[in-house]
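If you read the sequences in order, they're chains H and Z.
Residue numbering for the first sequence follows my numbering, beginning at 1 and increasing consecutively.
Residue numbering for the second sequence follows my numbering, beginning at 1 and increasing consecutively.
Treat the hints with care, as some may be off.
[As the list claims (entries may be wrong)] Under the rule of at most 30 Å between Cα atoms (straight-line distance), these lysine-lysine pairs were calculated in the DSSO-like manner:
1. H/333 with Z/92
2. H/384 with H/433
3. Z/433 with H/351
4. Z/340 with H/26
5. H/418 with H/216
6. Z/431 with H/2
7. Z/26 with Z/95
8. Z/216 with H/3
9. Z/111 with H/333
10. Z/333 with H/340
11. Z/2 with H/2
12. H/216 with Z/3
13. H/26 with Z/253
14. Z/340 with H/3
15. H/26 with Z/216
16. H/384 with H/253
17. H/48 with H/26
18. Z/2 with H/216
19. H/95 with Z/2
20. H/66 with H/48
21. H/433 with H/418
22. Z/340 with H/333
23. H/26 with H/92
24. H/333 with Z/351
25. Z/431 with Z/401
26. Z/401 with H/2
27. Z/333 with H/92
28. H/26 with Z/26
29. Z/413 with Z/253
30. H/340 with Z/340
31. Z/26 with H/340
Honestly, the hints are just simulated from the structure, not real lab data.
Protein chains: 2
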Amino acid sequence: MKKIGIGLIGFGTVGAGVARTLIERKNLLSERAGFIPELVSVCDCDLKRPRPVSLPTGILTKDVKKVLENPQVQIVVELVGGIEPAGSFLLKALKNGKSVVTANKALLAEKGDRLFSAAEQSECQIGFEASVGGAIPIIKTLRESFVANNITSLYGILNGTTNFILTRMAEERLSLTKALKIAQDAGFAERDPSLDLSGTDSSHKLSVMATLITGKFFPASNIPTEGISGITPEDLQYAAELGYGVKLLSILKISPSPSPLPLRERVWGEESVSLATYPALIPNRHILSSVRDVYNAIFLTGDLVGESLLFGKGAGMNPTASSVISDIIGIGKNILGGTKPSPLFTGPGRKLQLETDFESRYYFRFSALDQPGVFARIAEILGKHNISIASCIQKEEKPKKAVPVVVLTHTAKESAVKAAISVIDRLPVIKSKTVLLRLAFDG
Amino acid sequence: MKKIGIGLIGFGTVGAGVARTLIERKNLLSERAGFIPELVSVCDCDLKRPRPVSLPTGILTKDVKKVLENPQVQIVVELVGGIEPAGSFLLKALKNGKSVVTANKALLAEKGDRLFSAAEQSECQIGFEASVGGAIPIIKTLRESFVANNITSLYGILNGTTNFILTRMAEERLSLTKALKIAQDAGFAERDPSLDLSGTDSSHKLSVMATLITGKFFPASNIPTEGISGITPEDLQYAAELGYGVKLLSILKISPSPSPLPLRERVWGEESVSLATYPALIPNRHILSSVRDVYNAIFLTGDLVGESLLFGKGAGMNPTASSVISDIIGIGKNILGGTKPSPLFTGPGRKLQLETDFESRYYFRFSALDQPGVFARIAEILGKHNISIASCIQKEEKPKKAVPVVVLTHTAKESAVKAAISVIDRLPVIKSKTVLLRLAFDG
Chain H
1 MKKIGIGLIG FGTVGAGVAR TLIERKNLLS ERAGFIPELV SVCDCDLKRP
51 RPVSLPTGIL TKDVKKVLEN PQVQIVVELV GGIEPAGSFL LKALKNGKSV
101 VTANKALLAE KGDRLFSAAE QSECQIGFEA SVGGAIPIIK TLRESFVANN
151 ITSLYGILNG TTNFILTRMA EERLSLTKAL KIAQDAGFAE RDPSLDLSGT
201 DSSHKLSVMA TLITGKFFPA SNIPTEGISG ITPEDLQYAA ELGYGVKLLS
251 ILKISPSPSP LPLRERVWGE ESVSLATYPA LIPNRHILSS VRDVYNAIFL
301 TGDLVGESLL FGKGAGMNPT ASSVISDIIG IGKNILGGTK PSPLFTGPGR
351 KLQLETDFES RYYFRFSALD QPGVFARIAE ILGKHNISIA SCIQKEEKPK
401 KAVPVVVLTH TAKESAVKAA ISVIDRLPVI KSKTVLLRLA FDG
Chain Z
1 MKKIGIGLIG FGTVGAGVAR TLIERKNLLS ERAGFIPELV SVCDCDLKRP
51 RPVSLPTGIL TKDVKKVLEN PQVQIVVELV GGIEPAGSFL LKALKNGKSV
101 VTANKALLAE KGDRLFSAAE QSECQIGFEA SVGGAIPIIK TLRESFVANN
151 ITSLYGILNG TTNFILTRMA EERLSLTKAL KIAQDAGFAE RDPSLDLSGT
201 DSSHKLSVMA TLITGKFFPA SNIPTEGISG ITPEDLQYAA ELGYGVKLLS
251 ILKISPSPSP LPLRERVWGE ESVSLATYPA LIPNRHILSS VRDVYNAIFL
301 TGDLVGESLL FGKGAGMNPT ASSVISDIIG IGKNILGGTK PSPLFTGPGR
351 KLQLETDFES RYYFRFSALD QPGVFARIAE ILGKHNISIA SCIQKEEKPK
401 KAVPVVVLTH TAKESAVKAA ISVIDRLPVI KSKTVLLRLA FDG
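Working from the sequences, and respecting the hints, build out all of it.
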């Protein structure tokens, strides 16, 4: 049986999971792959830390050249994370004719265009299944299973930490701080959770999928991104009363959609794509509202397959290692068969524009003085901006004090909503910044 | 760009969808595949029926040899359905050195062993993504994405018609007959719905996945199968009150599970597999209970990935065509690259036994005379069979008449339950056959 040499850079949690699986499941993997995926070199700056696997003697090194310039290494697995030096390692590997596998969403979301074109130039392959949704096979599904489809929309719960926090806040009425503390104590939230809470990590993953779906590079920095820091248990409570759950969603929508010509080639020039990450209200009946705790899920619509959902763990040593190994086996087979990598998932001559003024239904929570005429004033301003009210909750009565007034709107333009809220927030009867959330899958 | 010749046998609904996609999306598919998948011959016994696609002149034929013996055809797509002549067509195609793609679950579930060994002998490939769950990419996920995993359990909602019927019965309190009529009028239930209602269609699909997961052929005829014919709106109502939805589930469980050695090679000799299809109560909180109407879903656990779910349309022209095309592109790439097909998803020297006496929690609905001592008598018989009662509902009071008594049990053995119920059903105070359902994901 032929061998494919694997070099690993980054021997942390996921790296150890990959090494352990390659070593302890060598027979099983070889039988299933039709070749032996052999770990020949592992590089990390920390040689001493205890890990849950024993490497063969002599393969652990601090010298990255022993991976990048090792003639035995055909596939370089990068699990360092961050932009640099990870990006240089990958470019160097590709330049040296080695295919690469990475879980590095931040790098792909910021420098993906350089990496993809380097891979194309060197005729090497690049695997990144583990960069989005841990164990969820979304990359293979988009590139291979749904190869005949035009994807028209995608809604992802892409960050386990924020989904855990929102679940605990909704189900146990915890504050965000308390729920975050539980996640940190359990070891799955970072000490510095800002990439998660701000929605940036989710937008990194959305960027990777957007590139795959459209064939055009949309760096995460161009994606409008809101995190969950402004959400209170009170908002989750109102949402529940109205029949909704709140999730941090990353959204891609291609317009016009669905295509009026479902089976013909699309007229690409007429399209635009909107991309955004924000916390959204999802009707309880929608399957995405059943995605609880640290789980991730991606709900997408293709013009042939219709609505689909992939659900699973978004992170962790073994789930992530599973996706890395799947890429290793797929790329190894292609190397041995001389098969070229699939091109990026793209349409012929597609010219998509990024649309930043998307439409949605909205949830507002105003803090308004409880006095006559206040609601009429708010409604009047919304009406002037073409925003029409669908329903409203005002429970407490505290004459002359600020009380929460919750409003759900019909579909409105983001630009109109921002303009209206900025007027409303300057009214003397409004006592703090209005909370603004969007609705998904509803109208 | 190179061409791969496609021959199609069976030009019905799905066949027309495949032909239409290959013809109308030729450019898109070629760009994504790296070769041109060209439809060169289409065979059907009905040449006149109108279809939603125009074929190039001269390629439609009644003569199956024009596909099976056509030197231009490298991949034969079989969409005839049924055991014969579909099986002979596929064997002949493989013998002639052609790879095959099929959506024929009945054939795979009854003659899969012959087809798989014929494919192995001829070194040809066999694609069957469309045979399970329409657009759901379960076959590729099991073989490729989860290649490093040992799958420990799988729960599938694999039949759209029965899921639609159960959803309508539960949500609108319709009778089974009425809900079936709606499904037939809407065109997605067959005139003769017996394969669906009896659970046989679901067990066909379970057989295909069981073969893939265990590497051993388990024909559907060996799988204990119960359908939904015995379910009443009353049972769905009781289940809802107890916090459950009812779904027709196809189940695979490997025991012992989870493995005590998660990352070592498993000791295959010690394992058994239980397979069954039956209607089951699922807790409302479980994501599978959100799978409504004609949707299918497969919830599976791998020892690395943990819990995963794939959800989508289970049938229909375009979803099924999408999966067939995905197989065509995958196999075409392998043919051009000279890559060998992946072996079946198997463990080294795996010797699994089929376990037919599975364990579960149970739901019973007794029709018992409303008189003193009856419940005690039932409880006594259950107790003697080591079946312990977890909860119970008896609402109506109709002295001296039969009333429904609903009991949920703790975990019990199927054999003990069958024995106990056969004793209970012979009691004079029991007025009709006890309804027996199982619980999933709960205890």
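Hint check results:
1. For the hint linking residue 333 of chain H to residue 92 of chain Z, the alpha-carbon distance of about 28 Å falls within 30 Å, and the restraint holds.
2. Between the alpha carbons of residue 384 of chain H and residue 433 of chain H the distance comes to roughly 20 Å, so the proposed pair stays at or under 30 Å and holds.
3. The suggested pairing of residue 433 of chain Z with residue 351 of chain H is violated, with an alpha-carbon distance near 65 Å, which exceeds 30 Å.
4. Distance hint between residue 340 of chain Z and residue 26 of chain H is fulfilled; the C-alpha atoms sit about 20 Å from each other, no more than 30 Å.
5. With a CA separation close to 28 Å, the supplied pair residue 418 of chain H and residue 216 of chain H stays within the 30 Å bound.
6. With a CA separation close to 68 Å, the supplied pair residue 431 of chain Z and residue 2 of chain H exceeds the 30 Å bound.
7. With a CA separation close to 29 Å, the supplied pair residue 26 of chain Z and residue 95 of chain Z stays within the 30 Å bound.
8. Taken as a hint, the residue 216 of chain Z and residue 3 of chain H pair is honoured in the structure, with Cα atoms around 27 Å apart against an allowance of 30 Å.
9. With a C-alpha separation of about 29 Å, the suggested pairing of residue 111 of chain Z with residue 333 of chain H holds against the 30 Å cut-off.
10. Between residue 333 of chain Z and residue 340 of chain H, the direct Cα distance comes to roughly 9 Å. Compliance with the 30 Å bound is thereby established for this hinted pair.
11. Proximity of residue 2 of chain Z to residue 2 of chain H is assessed by CA-CA distance (about 28 Å); at most 30 Å being required, the pair is judged to hold.
12. Between residue 216 of chain H and residue 3 of chain Z the alpha-carbon distance is near 27 Å, which keeps this suggested pair within the 30 Å criterion.
13. Our distance criterion of 30 Å between C-alpha atoms is met by residue 26 of chain H and residue 253 of chain Z, whose separation comes to about 24 Å.
14. Pair hint residue 340 of chain Z plus residue 3 of chain H holds up; C-alpha atoms about 15 Å apart against a cutoff of 30 Å.
15. Taken as a hint, the residue 26 of chain H and residue 216 of chain Z pair is honoured in the structure, with Cα atoms around 21 Å apart against an allowance of 30 Å.
16. For the hint linking residue 384 of chain H to residue 253 of chain H, the alpha-carbon distance of about 28 Å falls within 30 Å, and the restraint holds.
17. Pair hint residue 48 of chain H plus residue 26 of chain H holds up; C-alpha atoms about 25 Å apart against a cutoff of 30 Å.
18. The suggested pairing of residue 2 of chain Z with residue 216 of chain H holds, with an alpha-carbon distance near 26 Å, which does not exceed 30 Å.
19. At most 30 Å may separate the alpha-carbon atoms for a hinted pair to count; residue 95 of chain H and residue 2 of chain Z meet this at roughly 28 Å.
20. Distance restraint check for residue 66 of chain H and residue 48 of chain H: the Cα-Cα separation of roughly 18 Å lies within the 30 Å cut-off, and the hinted pair is therefore satisfied.
21. For the hint linking residue 433 of chain H to residue 418 of chain H, the alpha-carbon distance of about 12 Å falls within 30 Å, and the restraint holds.
22. For a cut-off of 30 Å, the pair hint linking residue 340 of chain Z to residue 333 of chain H stands: about 9 Å separates their Cα positions.
23. For the given pair, residue 26 of chain H sits about 28 Å from residue 92 of chain H by alpha-carbon distance, which is consistent with the 30 Å threshold.
24. Distance check on the hinted pair: residue 333 of chain H and residue 351 of chain Z sit about 28 Å apart at the alpha-carbon level, within 30 Å; holds.
25. Between the alpha carbons of residue 431 of chain Z and residue 401 of chain Z the distance comes to roughly 9 Å, so the proposed pair stays at or under 30 Å and holds.
26. Simply put, residue 401 of chain Z and residue 2 of chain H have alpha-carbon atoms about 75 Å apart, too far for the 30 Å limit, and the pair is violated.
27. A hinted pair counts as satisfied when its Cα atoms are at most 30 Å apart, and residue 333 of chain Z with residue 92 of chain H qualifies at roughly 28 Å.
28. A distance of roughly 40 Å separates the Cα atoms of residue 26 of chain H and residue 26 of chain Z; the hinted pair therefore is violated under the 30 Å criterion.
29. Restraint check: the Cα-Cα separation between residue 413 of chain Z and residue 253 of chain Z comes to about 15 Å, which is no more than 30 Å; the hinted pair holds.
30. The straight-line distance between the Cα atoms of residue 340 of chain H and residue 340 of chain Z is roughly 15 Å, inside the 30 Å bound, and the hint therefore holds.
31. For a cut-off of 30 Å, the pair hint linking residue 26 of chain Z to residue 340 of chain H stands: about 20 Å separates their Cα positions.
Checked against the numbered hints given earlier, this structure breaks hints 3, 6, 26 and 28; the rest are met.
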